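J.: Sequence:
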Amino acid sequence: MNELEISKATIGRMPLYLRFLQEENSRGEKYISSAVIAQNIPVSAVLVRKDLALVSSKPGKPRLGFEVVRLIADIEKFLGYDNLSDAVIVGAGGLGKAFLGYEGFKSNGLNIVAAFDVDPRIVGEEIAGKKVYPMDKFSDFVQHKKINIGIITVPKAAAQETLDTMVRAGIKAVWNFAPAPLRVPKGIILKNEDLSASLALLAGELSKGR
0 MNELEISKAT
10 IGRMPLYLRF
20 LQEENSRGEK
30 YISSAVIAQN
40 IPVSAVLVRK
50 DLALVSSKPG
60 KPRLGFEVVR
70 LIADIEKFLG
80 YDNLSDAVIV
90 GAGGLGKAFL
100 GYEGFKSNGL
110 NIVAAFDVDP
120 RIVGEEIAGK
130 KVYPMDKFSD
140 FVQHKKINIG
150 IITVPKAAAQ
160 ETLDTMVRAG
170 IKAVWNFAPA
180 PLRVPKGIIL
190 KNEDLSASLA
200 LLAGELSKGR
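According to numbering that gives the first Met the number 0, the sequence shown is numbered sequentially starting from 0.
Check before you lean on any hint, since a few could be wrong.
Each computed DSS-like pair below joins lysine-lysine, with the alpha-carbon atoms no more than 27 Å apart [said to hold, decoys possible]:
no., residue 1, residue 2
1, K29, K96
2, K130, K145
3, K144, K130
4, K57, K7
5, K130, K7
6, K105, K171
7, K171, K185
8, K60, K105
9, K155, K130
Hints listed in this document are in silico derivations from the structure and should not be mistaken for laboratory results. Here the structure is a predicted model, which is why all the values come from computation and not from measurement.
Take these sequences, add in the hints, and give me the full structure.
T.: Encoded structure:
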């Protein structure tokens with residue numbers, strides 16, 4: 000399997016498949032068909048079969064479908080969830096604190112090990128067992144711990160400077176929650192999550208239904 004040939008849309012569907020399969024596994028289901036998966040995502044059964052053929056280590060059985068536990072393991076391996084990746088977060092305000100306390104990231108292969116902030120009132124605190132450090136400790140911490148993932152939850156005005164600090168420290172992938180367009184050098188992975196834009200889309204869809 001060549002992951003470079005797998006589309007972003009396909010990769011984006013994998014966590015949806017995984018979540019549904021985990022729910023079915025918790026209910027004691029041993030096998031599941033692509034048709035049942037398609038009904039619950041929802042996407043076409045043909046697309047489900049094409050997607051799962053790219054990651055499954057064993058084809059589905061006639062009249063039974065895929066083995067649920069094996070397919071979960073295959074998708075987790077494809078997504079990298081079978082190996083925890085350590086990450087740091089910059090911005091220990093409201094959103095940052097929520098992320099630090101959210102245990103669900105670990106089931107998706109992400110382990111937030113520490114937070115950083117410029118606010119002296121927050122620095123030194125422990126949030127969900129993770130310490131908040133001052134920004135002047137960022138580079139040493141990241142390089143010593145060999146951290147590759149950085150999460151930005153700072154105000155818009157500080158986002159670019161935060162990203163630049165991450166890149167200089169050796170961060171390779173950035174998950175940005177600040178509503179700001181960021182410039183990244185070649186070779187750095189950037190994923191933007193604009194919560195305000197998502198809220199606007201939600202409000203727009205809601206107004207259409209009135």
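J.: Hint by hint, note whether the structure agrees.
T.: Going down the list of hints, with the structure as the test:
| no. | hint | result |
| --- | --- | --- |
| 1 | K29 x K96 | violated, 38 Å |
| 2 | K130 x K145 | holds, 17 Å |
| 3 | K144 x K130 | holds, 14 Å |
| 4 | K57 x K7 | holds, 23 Å |
| 5 | K130 x K7 | violated, 35 Å |
| 6 | K105 x K171 | holds, 19 Å |
| 7 | K171 x K185 | holds, 10 Å |
| 8 | K60 x K105 | violated, 31 Å |
| 9 | K155 x K130 | holds, 23 Å |
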